[in-house]
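Line by line, the protein sequences are chains A and B. Residues 6 to 115 (my numbering) are what the first sequence spells out, left to right. Residues 6 to 119 (my numbering) are what the second sequence spells out, left to right.
Mixed in with the good hints there might be a few duds.
As the list claims (entries may be wrong) - DSS-like cross-link-like pairs, simulated, lysine-lysine; straight-line CA separation at most 25 Å:
| # | chain 1 | residue 1 | chain 2 | residue 2 |
| --- | --- | --- | --- | --- |
| 1 | B | K18 | A | K102 |
| 2 | A | K62 | A | K110 |
| 3 | A | K102 | A | K14 |
| 4 | A | K95 | B | K62 |
| 5 | A | K78 | A | K110 |
| 6 | A | K20 | A | K70 |
Unchecked claim - The following label-pair restraints were derived from C-beta to C-beta distances:
| # | chain 1 | residue 1 | chain 2 | residue 2 | range |
| --- | --- | --- | --- | --- | --- |
| 7 | B | R68 | A | L15 | 31 to 39 Å |
| 8 | A | P12 | B | P44 | 16 to 24 Å |
| 9 | A | K62 | B | S27 | 27 to 35 Å |
| 10 | A | Q83 | B | A7 | 25 to 33 Å |
| 11 | A | K70 | B | G89 | 31 to 39 Å |
| 12 | A | K62 | B | R72 | 31 to 39 Å |
| 13 | B | R78 | A | K70 | 35 to 43 Å |
| 14 | A | L15 | B | K18 | 27 to 35 Å |
| 15 | A | E25 | B | G45 | 39 to 47 Å |
| 16 | A | K62 | B | G8 | 15 to 23 Å |
| 17 | A | P80 | B | A7 | 30 to 38 Å |
| 18 | A | I114 | B | Q59 | 41 to 49 Å |
| 19 | B | T43 | A | P12 | 14 to 22 Å |
Hints are computed from structural coordinates only; laboratory data are not their basis. Computed from a predicted structure; not experimentally measured. C-beta: ideal position from N, C-alpha, C; glycine also.
Residues per chain are reported as follows:
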Amino acid sequence: AQRVTQPEKLLSVFKGAPVELKCNYSYSGSPELFWYVQYSRQRLQLLLRHISRESIKGFTADLNKGETSFHLKKPFAQEEDSAMYYCALKGSGGYQKVTFGIGTKLQVIP
Amino acid sequence: KAGVTQTPRYLIKTRGQQVTLSCSPISGHRSVSWYQQTPGQGLQFLFEYFSETQRNKGNFPGRFSGRQFSNSRSEMNVSTLELGDSALYLCASSAGQDPYNEQFFGPGTRLTVL
C-alpha cells in the first residue's frame, strides 16, 4: 500500500525565515512525487514534481529514496507563500493510483 | 485561453439520487483527472482519462464512474448518493499524455448530499 505522511498540519514561520514542509512516503516501487499548493480562494495548483528538478517560486524539493522523503524547502519565506501545501505520490505499474497527504497549512508571519 | 471549467458549481442532492458533474478542459488538452476533496479525507484521486480512455482510477466504489468524450470534455457520475459523498469535486486537465505536465485545475463542483 502506498502512503503519504505530512506530519505537520500547521507550520508557522516568520517572514524571511527558512521553510521546510515535510513529506514522507511509503511505497515499494519507484514512485513519482509531487507538491501541490492551494492559496486562499484560489484553485489548486501543481507546484512541482521531482522529475522536473525545477525551482518554482523559490521552492525546491529533493527526492530522498533512502529516507523516503520529499521535503519542500525555501530559504526565505514570503508572506505570499501562506497557503495549503499537499504532497502527493503516484505509483508505478498497472493502475497508477495517486495518493495525497493531508496537507500542511503554511502561515508566514510578517 | 479559457481555463478549466466545471459545471455546475454547486449542487444539492438527497441520498439515493444520482448526479453527473461536467468538466471542460482547456482547449487542446486531452488529459483529464478527477479528485474528491473533503475536510475529513482530504484530497483523493478518482480517475484519469486520456483520449476517451480511462488510464488510472482510485479506490472508490463502483458507484463512482466517469467518461471522456471525443472533444476531451469529461463527466463523472455518482449513483445512489450517500451523505459521505458530500465534497468538492475537482477536475484538472493537461495537454499531453502526461497528466502532470502543465496540469491546471478547475474551480470545483461543491456537492452537498442531504
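(request) Determine which of the earlier numbered hints do not hold for this structure and return their numbers in increasing order. (result) Of the numbered hints given earlier, those the structure breaks are 1, 6 and 15, listed in rising order.
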